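**Student:** Here is what each chain is made of, one letter per residue.
2 protein chains.
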Amino acid sequence: MQTIRTVEAAAHVGQPVRLLGWLYNLRQLGGVTFIVLRDGWGTLQAVTESQADLEPLAGLALESVIALEGVIVATPQAPGGVELHQPKVEVITAVTDPPPIPLNKREIKAGLPALLDHAVVANRHPVRQAIFRLSAGAMAGFRKTLTAHHFTEVQTPKLVASATESGANVFELKYFGRPAYLAQSPQFYKQIMVGVFGRVFEVGPVFRAEPHDTTRHANEYVSLDVEFGFIENHFTVMALAREVIAGIMQELAAHYPEELALLGAQLPTILPEIPHIHFAAAQELILKRHGVDVRGEPDLSPQDERWLGEWAQQEHGSDFLFVTGYPMGKRPFYTHPDPANPAYSNSFDLLFRGTELITGGQRLHRYEEYLAALAKANLPVEPFESYLEAFRYGMPPHGGFAIGLERLLMQLLALPNVRLATLFPRDQKRLTP
Amino acid sequence: MQTIRTVEAAAHVGQPVRLLGWLYNLRQLGGVTFIVLRDGWGTLQAVTESQADLEPLAGLALESVIALEGVIVATPQAPGGVELHQPKVEVITAVTDPPPIPLNKREIKAGLPALLDHAVVANRHPVRQAIFRLSAGAMAGFRKTLTAHHFTEVQTPKLVASATESGANVFELKYFGRPAYLAQSPQFYKQIMVGVFGRVFEVGPVFRAEPHDTTRHANEYVSLDVEFGFIENHFTVMALAREVIAGIMQELAAHYPEELALLGAQLPTILPEIPHIHFAAAQELILKRHGVDVRGEPDLSPQDERWLGEWAQQEHGSDFLFVTGYPMGKRPFYTHPDPANPAYSNSFDLLFRGTELITGGQRLHRYEEYLAALAKANLPVEPFESYLEAFRYGMPPHGGFAIGLERLLMQLLALPNVRLATLFPRDQKRLTP
Numbered sequence: 212m213q214t215i216r217t218v219e220a221a222a223h224v225g226q227p228v229r230l231l232g233w234l235y236n237l238r239q240l241g242g243v244t245f246i247v248l249r250d251g252w253g254t255l256q257a258v259t260e261s262q263a264d265l266e267p268l269a270g271l272a273l274e275s276v277i278a279l280e281g282v283i284v285a286t287p288q289a290p291g292g293v294e295l296h297q298p299k300v301e302v303i304t305a306v307t308d309p310p311p312i313p314l315n316k317r318e319i320k321a322g323l324p325a326l327l328d329h330a331v332v333a334n335r336h337p338v339r340q341a342i343f344r345l346s347a348g349a350m351a352g353f354r355k356t357l358t359a360h361h362f363t364e365v366q367t368p369k370l371v372a373s374a375t376e377s378g379a380n381v382f383e384l385k386y387f388g389r390p391a392y393l394a395q396s397p398q399f400y401k402q403i404m405v406g407v408f409g410r411v412f413e414v415g416p417v418f419r420a421e422p423h424d425t426t427r428h429a430n431e432y433v434s435l436d437v438e439f440g441f442i443e444n445h446f447t448v449m450a451l452a453r454e455v456i457a458g459i460m461q462e463l464a465a466h467y468p469e470e471l472a473l474l475g476a477q478l479p480t481i482l483p484e485i486p487h488i489h490f491a492a493a494q495e496l497i498l499k500r501h502g503v504d505v506r507g508e509p510d511l512s513p514q515d516e517r518w519l520g521e522w523a524q525q526e527h528g529s530d531f532l533f534v535t536g537y538p539m540g541k542r543p544f545y546t547h548p549d550p551a552n553p554a555y556s557n558s559f560d561l562l563f564r565g566t567e568l569i570t571g572g573q574r575l576h577r578y579e580e581y582l583a584a585l586a587k588a589n590l591p592v593e594p595f596e597s598y599l600e601a602f603r604y605g606m607p608p609h610g611g612f613a614i615g616l617e618r619l620l621m622q623l624l625a626l627p628n629v630r631l632a633t634l635f636p637r638d639q640k641r642l643t644p
Numbered sequence: 212m213q214t215i216r217t218v219e220a221a222a223h224v225g226q227p228v229r230l231l232g233w234l235y236n237l238r239q240l241g242g243v244t245f246i247v248l249r250d251g252w253g254t255l256q257a258v259t260e261s262q263a264d265l266e267p268l269a270g271l272a273l274e275s276v277i278a279l280e281g282v283i284v285a286t287p288q289a290p291g292g293v294e295l296h297q298p299k300v301e302v303i304t305a306v307t308d309p310p311p312i313p314l315n316k317r318e319i320k321a322g323l324p325a326l327l328d329h330a331v332v333a334n335r336h337p338v339r340q341a342i343f344r345l346s347a348g349a350m351a352g353f354r355k356t357l358t359a360h361h362f363t364e365v366q367t368p369k370l371v372a373s374a375t376e377s378g379a380n381v382f383e384l385k386y387f388g389r390p391a392y393l394a395q396s397p398q399f400y401k402q403i404m405v406g407v408f409g410r411v412f413e414v415g416p417v418f419r420a421e422p423h424d425t426t427r428h429a430n431e432y433v434s435l436d437v438e439f440g441f442i443e444n445h446f447t448v449m450a451l452a453r454e455v456i457a458g459i460m461q462e463l464a465a466h467y468p469e470e471l472a473l474l475g476a477q478l479p480t481i482l483p484e485i486p487h488i489h490f491a492a493a494q495e496l497i498l499k500r501h502g503v504d505v506r507g508e509p510d511l512s513p514q515d516e517r518w519l520g521e522w523a524q525q526e527h528g529s530d531f532l533f534v535t536g537y538p539m540g541k542r543p544f545y546t547h548p549d550p551a552n553p554a555y556s557n558s559f560d561l562l563f564r565g566t567e568l569i570t571g572g573q574r575l576h577r578y579e580e581y582l583a584a585l586a587k588a589n590l591p592v593e594p595f596e597s598y599l600e601a602f603r604y605g606m607p608p609h610g611g612f613a614i615g616l617e618r619l620l621m622q623l624l625a626l627p628n629v630r631l632a633t634l635f636p637r638d639q640k641r642l643t644p
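Those protein sequences? They're chains A and B, same order as listed.
According to my numbering, the first sequence is numbered sequentially starting from 212.
According to my numbering, the second sequence is numbered sequentially starting from 212.
Be careful, since some hints might not be right.
Since the list gives no way to pick out one identical chain from another, each pair is judged satisfied if it fits inside one copy or across any two copies.
What the hints assert, rightly or not - Below, a list of computed lysine-lysine pairs in the DSBU-like style, where the Cα atoms sit at most 35 Å apart: (1) K640 with K316; (2) K299 with K316; (3) K499 with K640.
Simulated from the structure, these hints should not be mistaken for laboratory data.
Because the structure is a prediction, the values reported are computed rather than measured.
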């Protein structure tokens, strides 16, 4: 007898099969009992009118691990169009207590703290499964797109010697009798690797010791990083960012239609050219449209971003908007200034439905520019010596960007909190599970 | 004019093209000058007899960033069978000092410390590039094989609340006023995720505060992790490990023949079934073949592993050997014992050419078994409460394994030190670059 996954059932109509999974639901309707099995990919309903078939389940709670054998029957009214008849149940691992979060309701009713406290079990809920399957799909789409563009994947160290990139908000640890720090991003290393491979990407954890507690930040998250050489300016980088986002969405559309449907997700409109607006023009626009004068502010607030997202939707029919030319003052020292107006930078944020999703831009690439930028930022040269070696020995004009994986899922699925797009979130108060 | 990569040159014979990269070499032979450009994928030689063509390069050092324009000409005696004629050189970023490690010699003569000190530049050497392209290929092959087997990729937290997995050798950090630790492996989380997806894999950094200094250990490395449910025992896991290794090698063979040739790599023989030997039998074998009595030792030494690797080669013609059934005493508390002989475990190591490459096995899966195992190991229950929730609410028989990415490359390429397979290694003395 063939062992199949739930999602393969429709291809086995009329055949005897074996399925392995968890007891997801058990319902009696009149004399008929529905036994629903969940595995890592979906659910399948078995039907019986025989009490003898149910005997192995006596006294067991949901989430018991079971094997189900029977015959697949086409049943238009059943979920998925098939069900299992003449079920023979075998208990593999008996569970006696009901799960702390009900897993077999369409919606998860538990509040966020309870959900996160019990994430170990709650992530088995089909809605939670679907979110994290999309997360895997997003990573696959990211890599596929960049591999097609001849990028090379790298894995760079997360333990670093100095808290240098931004100078703040880094976690410090004890490293064989001296301090070390957790990398806030692979920024320096991905730039260095442009000198090796020309075009690189990395998928990995980043660590931010940011003390603020918001619905869209976490202290550890997965960063999808890109960096490449021989660009003209940040517009070259923006064009690639568009391709990458489109590649991710194509991957999800092609391979995850059930997950998207279950989550009620609307795939975004990605125009052939995503509209862009300069930072200064964006502030003018906010004044004009909303009567709020944010000119002179060095950054956009979440409210500003929402307003700009609305404008992009109304004006361009776009879920995405590039804001370019952020003031140099708020950008890190390696940022390339706008040659035409050096108070502004060749940088960008990509807003997705009114929230920042991607930050990127062109970087400095000449050794002397770095020495000058460090001096201007009152930073010492010594901790940057290895990094500077890349520029001393030849770097092309280059740039890149980073996408927060969980942020991407949050925006795509309209989740109210980035923690809901994280398997086991880390924030100021939460280190477990 | 089309901009191409070096490796695309052979497809553009007779065409005018533009290439972007680094000045890799400049040689004069009689009246002929060879300008060699290196990009992220290879090198291409340009040839000229005109001094005027060379003028832009006057006073510049190797590693200057350049654009080369010219016509691709089929030249059987040139490296790669093509060269660029009528070169027009444009300098993009001028370099004035020669690189700290010569990059244009076939072999890297620098010693290991110098090589690692200057890894930022040294990794541009074609031999170094090739190693890390294979590393990217190994990750791709790993993911491709597991995706084909319906595994789901996960990303689990690296910041954890307790130093619990092995109780020692973890890095401690300050986390908002309390201690946190860096995950030594995703072991607990990948097991938990078997309860969600049934079959999972993860590629990510792991952190080991091990104080010993060997040629085959690092304090941070990339772990390729696998875990899956509904296994019979560790032999189910070993069968998958064989598929994964074969998938990685197929990926390298298919897409990286030039890199393998440049590095003189011999792809391993992977028999349809990799031979296996029980731990106790392995110790007997060592006594019989080498007269050394290691019976009673709780683990295999590096010398033992080399001897066993030789035996696998001579006896089975295999580059790989599974050693099964390690004593329970040396394995972590979640290890499943051998039901027939509970002093031994349902675990394995995979030796690759006489060095441990993979560790894996079957895990405990019943809640009560965990409570008993923790009690036996004198470990408190409280720090494991979230982890135990997975087992309390139903886990199938499961197991998995982990491959050290850098170790895999080291063994495949016969490198003398795992640091040579690491972009920017971390050891007791080294936190930079």
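**Student:** Now tell me, hint by hint, if it's right for this structure.
**Tutor:** Hints and how they fare:
1. Taking identical chains as interchangeable, the C-alpha atoms of K640 and K316 lie at most 35 Å apart only when both belong to the same chain, with a minimum of 29 Å there against 54 Å between chains.
2. Taking the closest pair of Cα atoms, K299 and K316 come within 35 Å of each other only inside a single copy of the chain (25 Å); across copies the shortest separation is 69 Å, beyond that limit.
3. In this assembly of identical chains, the alpha carbons of K499 and K640 never lie at most 35 Å apart, being 41 Å within a copy and 58 Å across copies at closest.
Going down the numbered hints, you'll see the structure goes against just number 3.
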